[in-house]
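A.B. asks: Read top to bottom, the protein sequences are chains A and B. Take the first sequence: its letter number 218 is residue 218 in the UniProt record's numbering, and every next letter is one higher. Take the second sequence: its letter number 260 is residue 260 in the UniProt record's numbering, and every next letter is one higher.
Hints were generated in silico from the structure; no laboratory data involved. Check the hints yourself; a few may be wrong.
To spell it out: a stretch of chain B is covered by chain A in this simulated footprint if at least three of its residues, at any positions, have a beta carbon under 8 Å from a beta carbon of chain A; those stretches are [what the hints assert, rightly or not]:
1) 79–88
2) 158–170
3) 176–189
4) 192–202
Straight-line distance between alpha carbons at most 20 Å, and here's what the computed SDA-like set of lysine to any residue pairs gives [unchecked claim]:
5) B:Lys181 <-> A:Arg312
6) B:Lys319 <-> B:Leu308
7) B:Lys127 <-> A:Ala461
8) B:Lys127 <-> A:Leu462
9) B:Lys127 <-> A:Pro400
10) B:Lys181 <-> A:Val308
Treat the numbers as computed from the prediction; the structure is a model and nothing was measured. Ideal Cβ positions, reconstructed from N, Cα and C, are used throughout, including at glycine.
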Amino acid sequence: MTVAAESAASLVQSVDWLAIAPPTIAAVAGLVVLVADLFLGDARKALLGWISVAGLAAAALALLPLLDEDRSTFCLTGGGTHACSYTADRFTLVIQLLVLGGALLAALLSLSTLKDSAKELPAGEYWFLLLSSAAGAALLPASRDLATLIVALEVASLPAFALVGLRYGDKRSSEAALKFFLSSVTATAVSLMGVSFVYAATGTLHLTEIAAELDDVDGQLHTLAQTGVALTLVGFAFKVAAVPFHFWVPDTYVGAPLPVAAYLSVVGKAVGFTGLILVTVVAFPSYADVWGPALAVLAALTMTAGNVAALRQRTTRAYSAVRLLAWSSVGQAGYLLVPIAAAGYADEPADAERAVGSTVAYALMYAAVNLGAFAVAALVGRTQRMNRVSDYRGLYARSPLAALVLGFFLLCLAGLPPGIIGLFAKVTVFSAAVDAGLGWLAVVMAVNVVIALFYYLQWTALLFRAPEGEPVRHRVPAPLTAAIALTAVLGVALSGAPQLVLRFADTGLF
Amino acid sequence: MIGISESVMQFLLALTVVGPLIGAVAALLPAPPGLKGKSPDQAVLRHGVFVTGVILLGALILALAFDHDQPSKMQATTDISWIPALDVRIHLGIDGISLPLLVLTALLTFLCALYSFFKPPTGPSPKAFVALLLVLESGTLASFAVLDLLLFFLAFEMVLIPMYFLIARWGGEQRTRAAWKFILYTLLGSVVMLLGLLLIGLRSGTFDMVALATDNGLGLSTSVQVIAVLAIGIGLAVKTPMWPLHSWLPDAHTAAPTVGSVLLAGVLLKMGTYGFVRIALPIAPDGMREFAPYLAALAVVGIIYGSLACLALARQGAKGDLKRLIAYSSVGHMGFVLLGIATMSPTGVNGALFANIAHGLITGLLFFLVGALKDRTGTTDLDALARESGAALYGRAPRLGGLLAFGAVASLGLPGLAGFWGEMLALFGAFEPADGLSRPAFLTFMAIAALGTLLTAAYLLIVVRRVCMGPMPQAGAEPAPEALPDVRGYEFAAWSPLVALTVLAGLWPAALLGLTDPAVQKLLTGGKS
Numbered sequence: 001m002t003v004a005a006e007s008a009a010s011l012v013q014s015v016d017w018l019a020i021a022p023p024t025i026a027a028v029a030g031l032v033v034l035v036a037d038l039f040l041g042d043a044r045k046a047l048l049g050w051i052s053v054a055g056l057a058a059a060a061l062a063l064l065p066l067l068d069e070d071r072s073t074f075c076l077t078g079g080g081t082h083a084c085s086y087t088a089d090r091f092t093l094v095i096q097l098l099v100l101g102g103a104l105l106a107a108l109l110s111l112s113t114l115k116d117s118a119k120e121l122p123a124g125e126y127w128f129l130l131l132s133s134a135a136g137a138a139l140l141p142a143s144r145d146l147a148t149l150i151v152a153l154e155v156a157s158l159p160a161f162a163l164v165g166l167r168y169g170d171k172r173s174s175e176a177a178l179k180f181f182l183s184s185v186t187a188t189a190v191s192l193m194g195v196s197f198v199y200a201a202t203g204t205l206h207l208t209e210i211a212a213e214l215d216d217v218d219g220q221l222h223t224l225a226q227t228g229v230a231l232t233l234v235g236f237a238f239k240v241a242a243v244p245f246h247f248w249v250p251d252t253y254v255g256a257p258l259p260v261a262a263y264l265s266v267v268g269k270a271v272g273f274t275g276l277i278l279v280t281v282v283a284f285p286s287y288a289d290v291w292g293p294a295l296a297v298l299a300a301l302t303m304t305a306g307n308v309a310a311l312r313q314r315t316t317r318a319y320s321a322v323r324l325l326a327w328s329s330v331g332q333a334g335y336l337l338v339p340i341a342a343a344g345y346a347d348e349p350a351d352a353e354r355a356v357g358s359t360v361a362y363a364l365m366y367a368a369v370n371l372g373a374f375a376v377a378a379l380v381g382r383t384q385r386m387n388r389v390s391d392y393r394g395l396y397a398r399s400p401l402a403a404l405v406l407g408f409f410l411l412c413l414a415g416l417p418p419g420i421i422g423l424f425a426k427v428t429v430f431s432a433a434v435d436a437g438l439g440w441l442a443v444v445m446a447v448n449v450v451i452a453l454f455y456y457l458q459w460t461a462l463l464f465r466a467p468e469g470e471p472v473r474h475r476v477p478a479p480l481t482a483a484i485a486l487t488a489v490l491g492v493a494l495s496g497a498p499q500l501v502l503r504f505a506d507t508g509l510f
Numbered sequence: 001m002i003g004i005s006e007s008v009m010q011f012l013l014a015l016t017v018v019g020p021l022i023g024a025v026a027a028l029l030p031a032p033p034g035l036k037g038k039s040p041d042q043a044v045l046r047h048g049v050f051v052t053g054v055i056l057l058g059a060l061i062l063a064l065a066f067d068h069d070q071p072s073k074m075q076a077t078t079d080i081s082w083i084p085a086l087d088v089r090i091h092l093g094i095d096g097i098s099l100p101l102l103v104l105t106a107l108l109t110f111l112c113a114l115y116s117f118f119k120p121p122t123g124p125s126p127k128a129f130v131a132l133l134l135v136l137e138s139g140t141l142a143s144f145a146v147l148d149l150l151l152f153f154l155a156f157e158m159v160l161i162p163m164y165f166l167i168a169r170w171g172g173e174q175r176t177r178a179a180w181k182f183i184l185y186t187l188l189g190s191v192v193m194l195l196g197l198l199l200i201g202l203r204s205g206t207f208d209m210v211a212l213a214t215d216n217g218l219g220l221s222t223s224v225q226v227i228a229v230l231a232i233g234i235g236l237a238v239k240t241p242m243w244p245l246h247s248w249l250p251d252a253h254t255a256a257p258t259v260g261s262v263l264l265a266g267v268l269l270k271m272g273t274y275g276f277v278r279i280a281l282p283i284a285p286d287g288m289r290e291f292a293p294y295l296a297a298l299a300v301v302g303i304i305y306g307s308l309a310c311l312a313l314a315r316q317g318a319k320g321d322l323k324r325l326i327a328y329s330s331v332g333h334m335g336f337v338l339l340g341i342a343t344m345s346p347t348g349v350n351g352a353l354f355a356n357i358a359h360g361l362i363t364g365l366l367f368f369l370v371g372a373l374k375d376r377t378g379t380t381d382l383d384a385l386a387r388e389s390g391a392a393l394y395g396r397a398p399r400l401g402g403l404l405a406f407g408a409v410a411s412l413g414l415p416g417l418a419g420f421w422g423e424m425l426a427l428f429g430a431f432e433p434a435d436g437l438s439r440p441a442f443l444t445f446m447a448i449a450a451l452g453t454l455l456t457a458a459y460l461l462i463v464v465r466r467v468c469m470g471p472m473p474q475a476g477a478e479p480a481p482e483a484l485p486d487v488r489g490y491e492f493a494a495w496s497p498l499v500a501l502t503v504l505a506g507l508w509p510a511a512l513l514g515l516t517d518p519a520v521q522k523l524l525t526g527g528k529s
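So here's chain B without its partners, still in its complex pose (with noise of 0.2 Å):
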């Protein structure tokens, strides 16, 4: 939309990357002279806004400079060798399918810094917690910019420290387990994707996913793109995660702090399915279609599993923590995700990526709403916050509740909202899946999905009817009720950007599925096109 040269573009991309590293380092270092604000603490938070604002602010000029035109050519693009021997280059480069995931991931870190600045994590300084925010941004913005199967490799390993540190460090009860359980999970399956990646790049000669995806395969016999997907797609599935390599989400999410909790669903799940998209389908798809039916068969078991676990979550006297309850129905909605990818079809992939997004701003908004909820009232206990008849958070905080049933209703899939296009779409996708997949088996995954989305419907109904509703309690009503202050001033800040952008995919859905559309045709067909 506005004309920048492509030198300038490379330069932004870079800095997306490399940037959040640098200022990672300087979070360390002793604040210069002039900076240094109120206390340490404080100045080292508002490095983290400065930073993480610097690169949204990169994200977001790269988004507009970007050719709206061709979405599915590389834009920004930088190819520099790196380590020979290895054949690994620096390739750096944003299409339609990558884009709205960087800003994402700039938008929410950022929010999430900027939450922080006002509401400072609780546990050790504030600086190593800022050093690894940081860390863990460059992490996600360079998976979703690195054009090499192994830096690809290296940037899905780069999170895992900084997460791990964050749940061990700041999280709430059990968060020593949680987190060992994360990054053991992720570990063992991110070493059992490195053996897939290695077969691909060794078999084919080459690590650069832009010259694989053009291939589109040829180069590869089918017996070594089944196990090449098969390695790969297990180490993105506990990523994502599908059932049943989900059971580390629940223990991360519910130990994690708020905006742990925000990113880890916001954009480190993401990591898994973009690599779906951007490797295991057009790099391999011969071993992608045989897998893909059980991939689909999977995905809805996650779907249903998620949505169950949620009800029996909600469920009066089931002592349900309220962020389990979001991290189970992101094992739904991953669910949707992980049906549209196994499609294989335009529809359905498309209507992935878009869950993709939608489920990063709803999710993300959740988890923010529920951590300011836990500040208020010291709990995430479902139980302990409706009490017998409801928490009545419509009438103590108007606009908290309203933004929780909103949230709520989003998650669902209201349409006019973003949740609505995605999943839709992913169940198109299966109603006429892609050429030489099973079209029964995907019309039952089709229906049993549509199930799906009512008991999703139902659970998140439950939540908003005990959260939200009930009778006001009465001054001197014995226990006493406490204050329940309203949405902040900062809480405003860091959440509207969130509605607002649920809101306008929700009704313009064009301007997402614009983006993905022509790159993911590139994508499913290769060179072909």
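Just chain A, same shape as in the assembly (with noise of 0.2 Å):
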């Protein structure tokens, strides 16, 4: 894309380098570390990881200087119109500062995995692979034009598919990989098409563009149009995991390393979500009586089947920890589809993007606390292989702090008090729902927050019970500690002060 970029340049335009600086230096980092890999001995491979971390945070500080305009680059010029395919805006910076966020934690639970792990994961190709999706992902909230929304799509999915099977000689693992890889092309086909669909009824694949000309597209264009927007939205919802596309979530992020899957569920939803946002409240808001039943439906299905699957969980099952995770992202993903789908239902645009705020303002917070939990997980895995959820019990009585952190996020993830801002995010995603007159999916989702605390809090109270045996101590490495203190200061520093987030869900975005 830089070389590309350069030559049109010199061309026809100048690149706002600065408003894309952040996807940027982490595609560079990547690259750094995939060339540094072929220099450095087996015994300093660990530096390839701090260079890793270091270009995450970077590339998060990159945002800092693009907080006070909105910028755009890489625009059309001439013709009248002034569409551009990055923009920088409110809503790229969140996300942006969401997915790098992610990353960056997901790189830090990565350094002990990797150091553990020995030889069975290649340190050299896991860093490159992570900072490349990593990149992929930031410039999908950025991209405004549907070419480059896929393109930034695949950039964070196929590494990823690589991260999952990257476990040398471990048949789950690349299971795990070729499953996620089959069901995600096969979305991304089908999205493209859409994409060839929409192209074919509007002349143009600008994302504001396409909203101008859907509104008076040929009447005999009228079906294709349709069509077109339909398929184009089944390769996001892929990647949000919704019903029906939602089989290879547990059993990939069981197979996958554990940092991996922690990222797949923040940083791949994100993913998800923001190109549905994208591509439903700019693309297309005239066809939002299309989309919006249909999103509203999907969300039900997938709260419910998320929350119903991870409520059959048996906690002695091997990996069930990792599994009930899985499950409750699933349900997860479906209150994040919630108001995108009210969304739909909006009067105003105005309306509409603060609909879309308060997804951004839930993912916020469940991208802090999922990524807590799956540290906590981390923690316990180091000890228990098998990572089952009655490996938990009496964790309170091992380490009696980490037991606490995890029940909070946990709290956090169900709604309840002291996880406050779990609370807050659940009643901006309700109030939404209710706003727009969708009064039955609120309902639904009510049901599915009981479903959903049943579970969360088996697990909790699992970790307070008595312990059997003796508690052992453990070593916690540096790199994990910071991960877990971290989430845990956010999802703490969010409890006291919600607004931090859930302005999002106030103001417009875009």
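Starting from two chains that each stand alone, build the complex the way the hints lay out.
C.D. replies: Have a look at this one:
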């Protein structure tokens, strides 16, 4: 992309390097790691991890100079239109912060996982893939044309397949990767077909142009445009693991290295719902009567399927902790979809943006606490290889702080005090649904919240039970401690001042 | 009665709400040097007594400084913006309706902490016990002090987790099941309630209870009010509990530790009825009027059902559990409270609020007594206690027996004790319900509820006869009667305030009604007064 941009710059336009810095820094860091891997001896491979963490932190810091104004680059010149392919507005910045922050935390988790795994995971490739995927995920929220959007989606996904299957000689890992790959590629293909239909009907790929053109599509092309809209959504629905594209989730999460599962559960989801928001709210607002109800049904099905499956998990099954988190993330994806569906029922564009803001606020909360829960799972997984929910029994006696923090994260996910931020994030989602008149969806969600409470609280209660056998204390690696501490501080700070994230639910983001 | 500047009042109210939370965190930390006490357990239990004592003191000073000439005015108000995005404000304040409940909560929690100090709960470390107790106190106090709908919801949810753990960790038989039942029922109700609160807030543009109550539902269409009251009513009715949503209550009470039962019956149930008075009545009066007859009908069914269940449990050979029996009697008593609210008349609502407080005092006392009985005899099974002829508590432990009889007659509504006024006023209210409500229907409800008082008297007297009376066991009889120590000093300390207040409220109801009546009048008429 950089090369193409350069040549284009010399011909017709100048590139706003500052605006595209966050994804670019991540991508460059990825390349640096790949090259450095060739020159570093086995003993010093750990350096790669720190380069990656620094790269991601630098990419996140590059968001700071962009705060004061909206910037756009790669714009169409001439023709009287002013459509840009890359826009760094508030929406972009928030999602980029989420994605880069999520990747940073996943990287912190990976540091200790890579160290423990000895030779099972190749360090150089691992970091390169993680950074490339993060770069794609950071590009996606900024893309404002369908081609860039699909490219960003694939840049984010393709390395993820490899990450899932990276473990040498692990059958589960490669099977998971294959499952993930096949279903994802099918979804992307369908999505591409949708894009081509939309292009055929409107003659443009820029989202804002599409929105304008779709209003007066030729009557004969009407069906084509409608089909295109529906098919385009499929690819993104797959990424958020919406029903019926959710079957890959548990096996993929269990098969993947734990940090990768954490990464997928947060950044992978963010990619999906960002794409959905861009496509629905920005590109297809005139088809709101098609995607609004469709997403509402999808949301209801997704949260119900995820929560019921999580409820049915037996706590003694191998890897049931990760499985439970996987299914719960499907349920949470359902909540994330609710405001997007509500946006389809909004009368004013401002209302739609507010509704979408609820999704963003919820996603920020979810990212912090879900990564925290995965971090504690990684901690427990170091001593309990099978990572069963029943292995968490008596965690409080072994490491009180980890147990308290995990309990807090789980209650945040459940949305009960003391997880105040979880509660209010749910309240914003509920209020988006009620405001849009989606009473039935709000009731379905209410029932789901109760179902979800059951398994979250069951797990929480287990933490404080009397332990079986003598508690053994282990030394916790520093990066893991840092990740847990960071997410815990975030969660507690947000619980004290929910306005920090909830303000996105109140203002226009675009 | 005593003059304190408004800013000190504000601080005191904020302290009573937040103080227990700080205390809860402190309870989890190791005791500082100098405060270690005899053992860590003793130190943390003492910490609990200290914190709840300070909170009680704060609540009492608030009650004294409260301007008793203007009980309908919100006093000690704090109003700070917290989450502008959701329009959530930290809006605290007390008036004649919330003040008695606030003091009752602080008092009962203090007595529970005191009782636990001398009689530590059986179960895991008391550290967590004290912390949970304090979080529970904070949540309950907050729900009576907040004036913002979403904050009320937050406070309503805050008590769930502590109560769940209190039952699941320190409870008796079947505690896990009972704890689950408690939390799932309440949560399902409260999530539905949230939908109703959001509907009101979004349609009227504010979540502020005072502003909404002043509007008296003017800004809300009748259909919105009907849906909102239905949703909010379900949430509150589960908590109250109203028949047929009550089935979590007997299990929870039976399994909960003594202190848990006292707080559950004494203050947690009041959050439901308080919500009806504070939210449903003034904010959505049209919707409430629509549902009032149904609410009254279900309340009356609850009264009859509760007393019949108690009668069945009190029968010889029914293997009735005393705790379960008192829990069912709560269903009946709360039925009177709901009936009073459903009349929507000042008399009825005042009666409901009075019965609320009276039930808190009397049932709290009864649960304490039954807990003490269980500690001494090891069982709460009525048949095992009474055997063939009666447990003869009068003879074996006269003071304990006397107190139990006192609690029972107070509960059945003997004139001169607290239980009488609330139920009588609720029936009075039903005799003349608010305009727009069908009088014949309410007369019928009144008649059935009056029958309920008879049934209540019947089962409570049976309990007294079977537990307190009976022939003294002869020395050397088979099986040998266990020694039954009479009331101990700390038990007297924990129970006598409840006894004294029960008598006081019975003899001088005006003290309480003088507080609630102006506030109720204002709530029912909204801005029009």
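A.B. asks: Please go over all the hints and tell whether each is borne out by the structure.
C.D. replies: Hints, one by one, checked against the model:
Judged by the Cβ-Cβ criterion of 8 Å, the region 79–88 of chain B is covered by chain A as claimed, because 6 of its residues qualify and three suffice. Three residues within the 8 Å Cβ limit are the bar, and the region 158–170 of chain B against chain A gives 7, so the coverage statement holds. A count of 5 residues in the region 176–189 of chain B with a Cβ less than 8 Å from any Cβ of chain A is obtained; the coverage claim is therefore met, three being the minimum. Check result for the region 192–202 of chain B against chain A: holds, 7 residues qualifying (beta carbon to beta carbon below 8 Å, three or more required).
For the proposed pair Lys181 of chain B and Arg312 of chain A, the alpha carbon gap of about 18 Å is at most 20 Å, so the pair holds. Pair hint Lys319 of chain B plus Leu308 of chain B holds up; C-alpha atoms about 15 Å apart against a cutoff of 20 Å. Straight-line distance between C-alpha atoms of Lys127 of chain B and Ala461 of chain A comes to about 16 Å, which keeps the hinted pair within the 20 Å bound. Between Lys127 of chain B and Leu462 of chain A the CA atoms are separated by roughly 18 Å; this keeps the pair inside 20 Å, and the hint holds.
At roughly 13 Å between alpha-carbon atoms, Lys127 of chain B and Pro400 of chain A fall within 20 Å of each other, so this suggested pair holds. Annotation: proposed proximity of Lys181 of chain B to Val308 of chain A holds, straight-line Cα distance about 18 Å (limit 20 Å).
Comparing the model with each earlier hint shows no violations; every hint is respected.
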